[in-house]
Amino acid sequence: MDIPYAVEVRRDTGLTNGKIGIWLFLASEVMLFGALFASYILIRTGAPSWPRGDTILSVPMATFNTLVLISSSVTMVMAWASLKRHRFETFRMYMGVTILLGLVFLVVKYFEYSEHIHAGEVPSHSNFLAIYYTLTGLHMLHVAGGMAVNAYFWGPGAKLWKTNPEWFTNRVEHSGLFWHFVDLVWIFLFPTLYLL
Amino acid sequence: MSDQAVVAPAHAPHEAHHHEEMGFWRKYVFSVDHKVIGIQYGVTGLLFLFFGFSLMMLMRWQLAYPGAALPALGRLIGESRMPGGTIVPEFYNELGAMHGTIMVFLGVVPLAVGGFGNFVLPLQIGAPDMAFPKLNMASYWFFFLGGVTMLASFTAPGGAAQSGWTSYTPLSVIAGQGQTWWLVGMIFLITSSLLGAVNFITTTIQLRAKGLTFMRFPFFVWAQFVTAFLLLLAFPPLEAAGVMQLMDRIAGTSFFLPSGLVVSGQVIHNAGGGNPLLWQHLFWFLAHPEVYVLILPAMGIVAEVIANNTRKPLWGYRTMVYSVIFLGFMSFIVWAHHMFMTGMGTAMAAFFQTTTMIISIPSVAILTSLIISLWGGSIRFNTPMLFALAFLPMFGIGGLTGLPLGLNVADIPLHDTYYVIAHFHYVVAPGTIFALFAGIYYWFPKATGRKMNEMLGVIHFAGSFVCMNVIFMPMFLVGLAGVSRRLWDGGATYAFSQPVLHLNVVSSWGAWTLAIFQIPFIFNFFWSIWKGEQTDANPWQATTLEWAAPSPPPHGNFLVAPEVHRGPYEYSVTGAARDFVPQSEA
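First to last, the sequence lines map onto chains U and D. FYI, in this note's numbering the residues of the first sequence are 1 to 196. FYI, in this note's numbering the residues of the second sequence are 1001 to 1586.
FYI, nobody ran anything at the bench for these hints, they're computed from the structure. Some hints could be false.
[What the hints assert, rightly or not] Taking lysine-lysine and the DSSO-like style, the derived pairs with C-alpha atoms no more than 30 Å apart in a straight line are:
(1) D/Lys1210 with D/Lys1312
(2) U/Lys162 with D/Lys1134
(3) U/Lys19 with D/Lys1134
(4) D/Lys1210 with U/Lys19
(5) U/Lys84 with D/Lys1134
(6) U/Lys19 with U/Lys162
(7) U/Lys159 with D/Lys1134
(8) D/Lys1027 with U/Lys159
(9) D/Lys1027 with U/Lys19
[Unchecked claim] Residues from chain U that face chain D, not an exhaustive set, calculated with beta carbons under 10 Å:
(10) Asp12
(11) Leu15
(12) Ile22
(13) Pro60
(14) Leu129
(15) Ile131
[What the hints assert, rightly or not] Stretch-level coverage of chain U by chain D, calculated; a stretch enters the list once three of its residues show a Cβ under 8 Å from a Cβ in chain D:
(16) 3-10
(17) 42-53
(18) 119-127
(19) 132-138
All C-beta atoms in this analysis are idealised placements derived from N, C-alpha and C, irrespective of residue type, glycine included.
So here's chain U without its partners, still in its complex pose (with noise of 0.2 Å):
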């Protein structure tokens, strides 16, 4: 059985299922980090003193994480447009960009964990960096979860380009959506550790 305007766009709407879908999980993704957000606000504004994030965080490697991220945005957009542009052999490689980009980024990440942990500065240290680990941690998963699906639509879920293109070049669509998002909470959570 086939559901209704899964590829094609409904016209009174103007949208297919997975684009509203996408949207909706956005909305409770934001919740959830605005959650995590207030909390860090609240922790510090009741906490006696707090250290500024550099002096404990590495801000050249989180800026190059930054650039790292920005990067494989723009990768992602290039990945759809070629598939609007049915250029297909085009697409997989601005994904295979886009998923090593996500890799290059979790190691950096690792180099840091490491190099903290290695410190004694681990999360029960002080509520900086249980704040830090959580935000972090949770937001690493994003960027796993998100390279998992990217992995996808490069690997096996590619099949579907030749049987139905539009669909295929939608998903790819929501998963760059849901690739920004992630993007978009780093360049919220990197001034606000790192810098403030």
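Here the structure of chain U is known, so what remains is to put chain D in place on it, guided by the hints.
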């Protein structure tokens, strides 16, 4: 409206062929059909309701006869929890925390939203299925995992969670391992409800039948639609809080632990600087909208049953729709009325008591519309209608007794007493659960093609109605006398509670008798699946779209894609051939 066909052209050829010859597992267990998933949710929810109720019946023994050994049954629970048949305080706390958790998150919500929402909503909007059938299946299985985790937590060292269904910090952070299981279970349940909510909203917006504008929705659809938004936006903050509590428990952080916390005479060595009240804020940011998640689907069911059995349109349909939207919005800004006792400033208290008074207006508007709808109707007193009619005064009592709790000053003496227990149980037990029973009796013919037995239904109703009031009405008096909730001995050690202690016995016998009156329901439910009176597609002569599908509807629901030509409740229209005009009738 556009002129495109309601059923889309084939776009997934690889899926189109093999649904005819699905095996047992694909058809009944890992099904993507919204009706099967709805029934799975409904049956699982009913089982959990029964389990949660059983926990309560054990607690009621301890409250009625504190410290007395429970005959026979007491020995089965084991020496660590009930030595010699007497409930130890730790076990009582387990029962209390898990009763609340199971009733709310594993019983009522899965039945009201997962069950009725899944089964009825796509049918009522004329859709072939939910917008994302696979996510729908995933939603059920995440719920199932959450339920299994919660049940398994009883085997954890030290038993299941013991910090109340609210899991207030710092108590819950220093509690035994069961609390960790509770948090993991909650994360599964939150994932499940997120997938469900995305699906419900998308389905409602996208898969409406041709001609079904928003103001032609049955009220049930509106109620589920608003509920889905509450689940979508209110649950993530609790997930964030759950993650932080997990961090506190596992990674040793101090989000909710203040500096210098002393437990049993020992200073806890932790980083400190956390804020125990932060948990309460995040918890109630979910849990107040959650109250409306419990009540809105119930109102939706009652509206359907009342319109059908008064043979009249609902009075004030538009008012009800605007009220339910406003109510959904307001439910996000009333949460701190649960926290008047935490020492918040007067400005904050004034704000939250004002919003709380405002939110009572749309609730009253909906209830009043439903009551006025009865006026001048030729009412059919069948079982669903009896439950729906009982819902009105029961929810009314529950709602009105909530007003003093919403006022800062009146809340202070009443907070955490049995008055609160009586108040919210009137809303949820003889309120929501009665509406859910109404829904089961009302839509049973749609799911099975057979009616449930009326005689047994009336016995079930009459017994439950009396027992519910015997249980909860005395609790108002106990609470007004000042007896706190969550006391292992029901207040027996306090002098001031002596004059009301005998009421605990009354409530307990009410609860046990209520269990007996569920036997006709359980028997009726299973007996009617095979032996009930066979019915046609529209046994109640109803107008909404689900009755235009065969009973039970096949995979894909409608034989011909329905078209909608009128509003949802065209009963007793002057000049019409019958006293009802279905929405799909041209």
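> Straight-line Cα separation of U/Lys162 and D/Lys1134 no greater than 30 Å?
Replying inline: holds, 22 Å
> Holds or violated: U/Lys19 with D/Lys1134, Cα cutoff 30 Å?
Replying inline: Given that 30 Å is the threshold and the Cα spacing comes to 16 Å, the pair holds.
> Is the Cα-Cα distance between D/Lys1027 and U/Lys19 30 Å or less?
Replying inline: Holds, at roughly 29 Å.
>> Can you confirm whether chain D covers the region 42-53 of chain U, using C-beta to C-beta distances below 8 Å and requiring at least three such residues?
In response: holds (count 5)
> Does the structure keep D/Lys1210 and U/Lys19 at a Cα separation of 30 Å or less?
Replying inline: Holds: D/Lys1210 and U/Lys19 sit about 21 Å apart, inside 30 Å.
>> At least three residues with a C-beta closer than 8 Å to a C-beta of chain D: is that true for the region 132-138 of chain U?
In response: holds (count 3)
> Does U/Pro60 pass the interface check with chain D, least Cβ-Cβ distance below 10 Å?
Replying inline: violated, 27 Å
> Was the hint right that U/Asp12 lines chain D, CB cutoff 10 Å?
Replying inline: Holds - the Cβ of U/Asp12 comes within 10 Å of chain D, reaching about 6 Å at its closest.
>> At least three residues with a C-beta closer than 8 Å to a C-beta of chain D: is that true for the region 119-127 of chain U?
In response: holds (count 6)
> If you look at each residue in the region 3-10 of chain U, do at least three have a Cβ nearer than 8 Å to any Cβ of chain D?
Replying inline: Holds, because 7 residues of the region 3-10 of chain U bring their Cβ atoms closer than 8 Å to Cβ atoms of chain D.
> Keeping to a limit of 30 Å between CA atoms, is the pair of D/Lys1027 and U/Lys159 held or broken?
Replying inline: holds, 27 Å
> Would the pair D/Lys1210 and D/Lys1312 pass a check requiring their Cα atoms to be no farther apart than 30 Å?
Replying inline: holds, 25 Å
In this structure, only the earlier hint numbered 13 is contradicted, and the remaining ones agree with it.
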